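Enquirer: Residue strings, one per chain:
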Amino acid sequence: MSDVNLADERLGGNPLARQRARTIFQKGAPGRRAFVCPEMDVPVAEVSELLPERFRRTSPARLPEVSEPEIVRHYVGLSKRNFDLDSGFYPLGSCTMKHNPRLHERAAALAGHARLHPLQDPEQAQGALELMWNLQGALSEIAGLPHVSLQPSAGSHGELAGVLLTRAYHEDRGESRHKVLTPDTAHGTNPATVTMAGLEVVKVATNADGGVDIDDLRAKADTDVACLMLTNPNTLGLFDPNIEQISEIVHGVGATLYYDGANLNAVMGLSRPGDMGFDIVHFNLHKSFTQPHGGGGPGSGPIAVSDRVAPFLPVPLVVRREDGTFDLDHERPRSIGRLRGFHGNYGCFVRAYAYICSLGADGLKDASETAVLNANYLLARLREKGIAEYLPLAYGELCMHEFVLSGGPMKRDLKLKTLDLAKRLLDFGFHPPTVYFPLLVEEALMVEPTETETRETLDAFADAIAEILREGARDPEIARGAPYTTPVRRLDEVAAAKHPVIREALG
Amino acid sequence: MLAAIGVGSLQEIFDRQIPKGVRLGRELDLPAGLPEQDVFEHLRALAAQNTSTEEEVSFLGAGMYDHYVPALIDMLMERSEFLTPYTPYQPEISQGGLQVMFEYQTAITELTGLEVANASTYEGPSAVAAAGYLAKLDNGKHKLVASAGLHPHSIETLRTLAHGYGMEVVEVPLRDGVTDPDEWARAIDSDTSAAIFAQPNFYGAVEDAQELSRIAKEQAGSDGSASDRAPVVVAQVDPITLGILRPPGECGVDVAVGEGQALGNRLDFGGPSFGLFAAREGYLRRMPGRIAGETVDVDGRRGFVLTLQTREQHIRREKATSNICTAQALNALAGVVYLTWLGRTGLVELGELLLARTHYARERLSALDGVEKLHEQPVVREFALRLDADVAAVRRRCALAGVNPGVDLQAITGRPEDRGGLLVAITERRSRKDIDRLAEVLGAAVAAEREAALTA
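If you read the sequences in order, they're chains A and B. Residue numbers for the first sequence, in our numbering: 1 to 507. Residue numbers for the second sequence, in our numbering: 1 to 456.
If you are wondering where the hints come from, they were derived from the structure by calculation, not from laboratory data. Quantities reported herein were computed from a predicted structural model and do not represent experimental measurements. Where a beta carbon is used, it is the ideal one built from N, C-alpha and C, also for glycine. Just to be clear, a hint being listed does not mean it is correct.
Unchecked claim - Not the full set, but computed from the structure, chain A residues with beta-carbon under 7 Å of chain B:
(1) G112
(2) S358
(3) L426
Next comes chain B alone, as it looks inside the complex (with noise of 0.2 Å):
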C-alpha cells in the first residue's frame, strides 16, 4: 500500500503533513486495550454498581419513565439496516429509514393534533428551546413567557439558549399547583415571542390548557401597539398520557413539543431518548430538524425523501432555521414501533390504566400520617406529595426496603416552596401490590423520621 501511495513509510505520511511542533510525540496516556471479554466484565462489573429499576420498586420519574419496552422493539433496533446507516442522503437505499420517519411523522401529528411533525430533535427540554428559537423566526418578538409548571431542565435549557437567540426568559409561578392564569394573563404582552407551558405540568398537575391558549392569544397585543401577532404557544407534552388527554391541537397550541423516552425507549441514565416536535402547518418551513416527504420515482414509484431542506444547516448555512444535523433516528423508530404496538386502543387502555393506578396511589398515599397532596388538581401519571419529614431521610429509610418512592422535589427545582415535596410516577409496571408496598414503606419511614425529629 506504502508503494501505491508513493512514500517509503506511514510515518512519512504523518511527517510531511502535521507540523512538528504539534505532534504528539509521545504515547496517549491512556491504559492498554484489552480482550473483547474483558471489556465487558469491566463494562458489567460498573453496571453491577448501579441499582437499575429492576432492582428496586422504583417511583421514579419527572421526565423519563420506567415503561416496559416489548421485545420486538429490541429486535428491530438491533437490525443492522437501522442501527448502522448513517442520515438517508442517498434516498434510493434509505427507504427504508425514510418511510420509518414519515410514519413516525405521521403518528406524532396523530397524536398531538397537529398538521406537522419533523422527524425527532434531541430530546424533551432542548425541543422545548427549539420551539423558543422557531418562535424567534417568526415573529422577532424577545419574550419567552414559560410557566413555572415546565420541567426545570426545560427552562434551564430555555435560558441558557435565550442568551444565545438574544431573548429573555420570563417565569410564571403556579397557583394550586397549576399555571396562575392571572399572572400569566399579566406576563404575555405585545413583545411576548412564545408562551410556553407543560401538559401535564412538573408536578403532575393537569394544565387548563384552552384557557392558557386562550389568554396568551387575546393578550398579545391589547395594549394597542403596533405589534397585533399573538405569540406561539407551545406545549410540552408527555405522549404517554395523550392517549386520554385533549390534544394540544385542540387547545389552541400551536407547537407541541415534548421527551420521547416514554414510548418505547429505555431510561439509559437520561439518554438518548428523542424529542417530539410537531406544529400547525404555518410553521412547516420555520421547524428545526430532518422531516421525511413522500414523492416518486422516474417510474412514478412511490417514495421519500429528506425534504425542505432549504431550511437546514448544510444548505442555508447561518441562515438555517436550526444548527440541527444529527436527530434521533433510531429513537424515533422505537417510539412509532411502540405507538404501533399499543395501537389505537392500546394508548387509550394504557392511559386509563396509568389514571386509575395514579389516582389510587394518591389517595392510598395522602392517607398516611405526615403525607398531603401538594396540590387537589386532576393528576393522570404522576403526582406530588408533600412530606411532614425530610425527604432526603425518608428516600433513604425508604431505599433500605428496596423501594425508591420518587423524586425529592426540591433538590432538582431548588424552589424553597417545593421543600417536603415528592414527585410520585406510576407507569403499568407498577401494579397495585407495588403501590401497597409503597405506601406500608413510605408510611413507616416517614413515621421513623418525625419520632428521630421529636426526639432529637
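The following block holds chain A by itself, in its conformation from the complex (with noise of 0.2 Å):
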C-alpha cells in the first residue's frame, strides 16, 4: 500500500467494517429470546408468600429480548471488528504478547477442572493441588526465591501483595517505614499501588544509561525506605548493569527489593531476580506463560517471595502434607490476610502449568532467548538508513526483550507524531507498538516482538515503518488521517471523557 487512494478502495470490500454500530439493546423485539427455562418440577407458591413485597423488584431489568441467532450473530459481528494476535503482529511493548497454545484452552476446559467447585474437599481436589503445588515449585525455580503465593489476580494485584508484604515484614520488626522508591521509568502500577497500600512514592532517577541512577539512589536510600520497585530489564529493555550495587544498597538500609515480572520474559532460564537479591516478584502468567489476554484481563499474578518475607504471604497457601497429599493451609498467623476470594485464578493456572510441561526447563530458556534474538533483529532493522534518522533508539546499543525508540526526530522533521504513526500501522494490518511510554522518552515507541514471532513477520514490520516514513516524507497528511481501514477513523477521546456516554440509554 503506497497511498491513502488504494486504502480507500480497500473499505469496499468487508461489508462488516463500516456499519453502524448498533448495540444488542438496539436488536430484538419483544417477547423475542433464546432461554428456555427448566420445568418448574416443585410445588409452586405464591412468590409474594416466599419473598415479602418490598423485597422485590417490581420492574424487570431492561435485558435485551433477542433469538440465539441474533445473539451470535450480533456479537460474532463485534469479534469480525477486533484486532487480535492470531491474526496478526502485536508488538505491544510490556505486554508480551506471544502466542496462546489452544492445547492450553482444551485442558483447562476438562470437566475436571474447569466444573470443579473452589470449596470442593481437598481430598476431593488433589488433581488441582497438585497442580498449583508444581505451579508454585516451577515459579520459585524461575524467580529463584522460595515460597511462591498463587493467590494474586494481575499484576497489580501481585504488586499491592508485595507491598503489603514488604510494610507487615517492616511493622513485624517494630519499623514503620513510609516511604518506596520508584525509578522514573517504572510502569503507572508501581506508585498507584504504593499509594493503595499506604506508603509513600519517592521517584529515583535514570541515569544518561537507562539505569538507575547509583548517585540519586544512594541520596535517597535512608530507614524511611521500605522498599525499592523496579523492573529488570526495565522498560526502555535494559537489563540494569549496576543491579548487584542497587541491591546491596536497598538492602543496606534494611529495605525490601521489589521485581515488577512484567519483563521476566527476557531472562527465563538465564538470569534470577532471587539471585539478583530480589525479595518479592510478581509474575504475570498473561504475559510470560500465555494466558490469553482475553481483550483486557483474565490475568494472574502470582508471587514469589524470600525467606524472610514468607510468614506474610497471603492464605491459604498449597501445601503438600508429610504423606504426600495436598492440602490448603489457612493457619499462619502473621499473613497479611486475603486478597481474593477463594484461591486465585486457578483456570490461568492450569494454561501456565501446560506451558511449563511443554517447555520445559530448555524450553523456557529458548523463549527467552529468542524473545531476546528477535528484538535485537528487530531493532538493528530500525536502525537502518531512512528509519533511525527519525526514530532513534532512546537508549543503549543493544536491548533485551523490548527496546524504545524515539519519535522525536520525526516529529520535528516529518511533522508526524508517534500517534500518527501508530495509527498509520493501522492500515497496514499491525497492532502498533505501545506508544507514549515510558513518559521519558519523547514521542516513545516501545517495542517487543516475542519469541513466536518469524523474521519474516519482524521484516515486514520494519518494511511498514520505513514505508510509513518516505509516504510521511512525500505527504505527512496521509499519517495524520490514518487509520483508513478500520471499523471506525480516529475516534474523539476528548468528547468521550468529557460528556461520558457509557451505558446505552433504554426507552
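Take the two lone chains and join them into the complex the hints point to.
Expert: Quick look at the structure:
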C-alpha cells in the first residue's frame, strides 16, 4: 500500500467494516428470547408467600429480547471488529503478546478443572492442588525465590500483595517505614499500588545509560525507605548493569527489593530475580506464561518471595503434607490475610502450567533467548537508514526483549507524531507498539516482538515502518489522517471523557 | 539475524548486558519439555483426580455456583478475536471488545438500578475492598462498617486492604440471620466512610436493604459533628438474584459490587471470573478500573473508547483511583452474553425457579430429624441449616452416596455460633429429584452420625 487511494479502495471489501454500531439493546423485539427455563418441578407457591413484597423487584431489568441466532450474529459480528494476536503481529511493549497455544484452552476446559468448585474438599481436589503445588515449584525455581503464593489476580494485584508484605515485614520488626522508591521509568501500577498500600512514592532518577541513577538512589535510600520497586530489564528494555550494587544499597538500609515481573520474558532460565537480590517478585501469567489476554483480562499475578518475607504471605497457601497429599493452609498467624475470594485464578494456572510442561527447562530458556534475539534483530532493522534518522533508539546499543525508540526527530522533521505512525500502522495490518511510554522518552514507541514471531514478520513490520516514513516525507497528511481501513477512524476521546456516555440509553 | 545485529553469537548479546554475577549459569531445575499430547494426558490425569460437579450431585455454593453455561458462550469465548487481544489501547481496531464492555456496563446498570458501571474488576471480595477505597477517596473518613453477613472472604479481603488504606473495619453481628439493625446503627458514626452489607447475605437470608441504607444515612453526623456527609452505602449483590430482588439502586444503595461468576462463567476452582462494580453517577470519577464510553470518529460514525482514563494508574500514577490495570474482559463478555441469552423475562423466570426450588429444599430438609433452619428469614437461592451432628462426618457419609450436601459453615467462617451449620445452594441444574435425593442421603447421614455419637 503506498497511498490513501489504495487504502480507500480496500474499504469496500468488508461489509462489516463500516456498519453503524448498534448495541444488542437496540436489536430484537418484545417477547423474543433464547432461554428456555427448566421445568418448574416443585410445588408452586405464590411468590409473595416466599418473598415479601418490599424485597421484590417491581419492574424487570431492561435486558435485550433477542433470539439465539441474533445473539450469535451480533457477537460474532462484534468479534470481527477486533484485531487480535491470532490475526497479526502485536508488538505491544511490556505486554508480551506471545502465541497462546490452543492446547491450554482444551486442558482448562476439562470438567475436572472447569467444573471444580473452589470449596470442594481438598481430598476431592487433589489434582488441582497438585497442579498448583507444581506450578508454585516451577515459579519458585524460575524466580530463584523459595516461597510462592498464587493468589493475586493480576500483576497490579501482585504488586499490592508485595507492598503489603513489605509493610507487614517492617511492622513486624517494629519499624514504620513510609517511603517506596520507584524509578521514573516504572509502570504506572507501581506508584498507584504504593499509594493504595498507604505508603509514599519517592522517584529515583534514571542515568544517561537508562539505568537507575546510583547517586540519586544513594541519596534517597535511608531508613525511612521500605522498598525499591524495580523492573529488570526495565521499561527501556535494558538490563541494569548495576543491579548488584543497587541491591546492596537497598538491603544496606534494611529495605526490601521488589521485582515487577512484567518483563520476565527476557530472562527465564538466564538470570533470576532472587539471585539479583530481590525479595519479592510478581509474575504475569498472562504475559510470560501465555494466559490469553482476553481483550483486557483475565490475568493472574502470583508472587514469589524470600524467606524473610514468607511468614506474611496471603492465605491460603497450597502445601504438601507429610503423607504426600496436598492441602490448603489457612493457619498462618502472621499472614497479611486474603487478597480475594478462594485461591486465585486457577483457570490461568492450568494454562501456565501446561506451558511450563510443554517447554521444560531448556524450552523456557530458549523462549527468552529467542525473545531477546528477535527484539535485537528488529531493533537492528529499525536502525537502518531511512528509519533511524527519524526514530532513534532512546537508550543503549543492544536490548533485552524490548526496546524504546523516540519519535522526537520524526515529529520535528516530518511533522508526524508517534500517534500518527501508530494509527498508520493499523492500515498495514499491524498492532502498533506501546506509545508514549515510558514517559521520560519523547514521543516514545516501545516495541516487544516476543519469541513466537518469525523473521519474515519482523522484516515486514520494519518494512512497513520504513514505508510509512517515506510516505510521510512525501505527504505527512496521509498518516495524520490515518487509519483509513479500520471499522471506525480516529475517535474523539476528548469528547468521550468530557461528556461520558457509558451505557446505552433505553427507552 | 546475528549478522544484522552485529554480534558474533547469541551469547554475546547476553554477555554484554547481564552482569556475570547474576547469570544463572546452569539449567533451571525443571523437567524437560513434553510433546503436546503428553502434556494433555498429564493435565487430563490431574483433572481426573478432582471430583467435579459432573461427578456428584453438588449443593456447594457460598460465592460460586454450578449454573448451566450455554454452549454459545463457549463458542464466543474461544473466538480468537475475543480471546487473544490485549486491553483495547487502539480503539479503531478494538471496536468489538469496547462495544462488549459498553453493553456489559449497560446490563450491569440495568440489573443494579444504578447509573454507572465499570467494565469489571477482578472478582467479588476484592470488589468489596475496592468499594472501600472509593469511599476513602470520596470522604476521607476512616471507618468501614461491615455486616457479618458479608462473605467471610469479603471481610477478610477488606481487612487486608483496609490496613493499606489506613482504615479500620468494624464488624456488625447478625441477629436472627440478618444484620442486627440496632448494632448497625450503633456502629455507624460521623467517621464512617462506608457501610457495607451483602444481599442476600452469606447465610442465604434476604436483608432489609432499604432499612439498612436508611439507618446508615441517618446515623452519620447525627452526633452533631462537623462531618455531616453520610457514608457510602455499599451492597455486595448476587447478580442472579436481581431478576426477583429489589435492585440496590431502589434501596438507597450507592455502590453495588459482586461476584459475577454465576453469570455464564464456569467454576474453574474459584477463578477467573469477574467482579461487578456499579454506582450512582456522582461516584463515576472515583470508580476503579476500565470504563468504555461512546464517542464518534472523524467521519461522525459511532464508536467506543476507553474513557475517563485520567482516573487510571497509567496516567495518574500515585494519584490514581486504583492500581488496577488488567480487568476481566473475557469473563465480563460471558456475563453480558449470558444476560442476553436469559433475556428480560428469562432472568425473572430463572429467579422464580430458584426461589421455588430453594424454598422446597429448605422445607424438605428442615423437616428431617436432627436438621433445622439456621434462621427463618426469606431465602432465594441458598439457605443455612443446623445439623445436630458433626458436619464434617455427615458430609463424608453423603459423599459416599455421591452427594455433596453443601458447605460446612464453620469451616469457612470460623465462628463458634456456626457450629453444625450447613450452607446449601440451589441452581437450575439441581432438580426436584436431586433435592429429594439430597433429603434422603442427608437424613440417613445425620441419623447415622447421631446413632454413632450415642454409641460412642
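Enquirer: Are the hints correct? Go through all of them and say.
Expert: We went through each hint and held it up to the structure:
1. Checking G112/A against chain B: minimum C-beta separation of about 3 Å stays under 7 Å; hint holds.
2. For S358/A, the interface hint holds, the least distance from its beta-carbon to any beta-carbon of chain B being 5 Å, beneath 7 Å.
3. The restraint placing L426/A at the interface with chain B holds, with a minimum CB-CB distance near 6 Å, inside the 7 Å limit.
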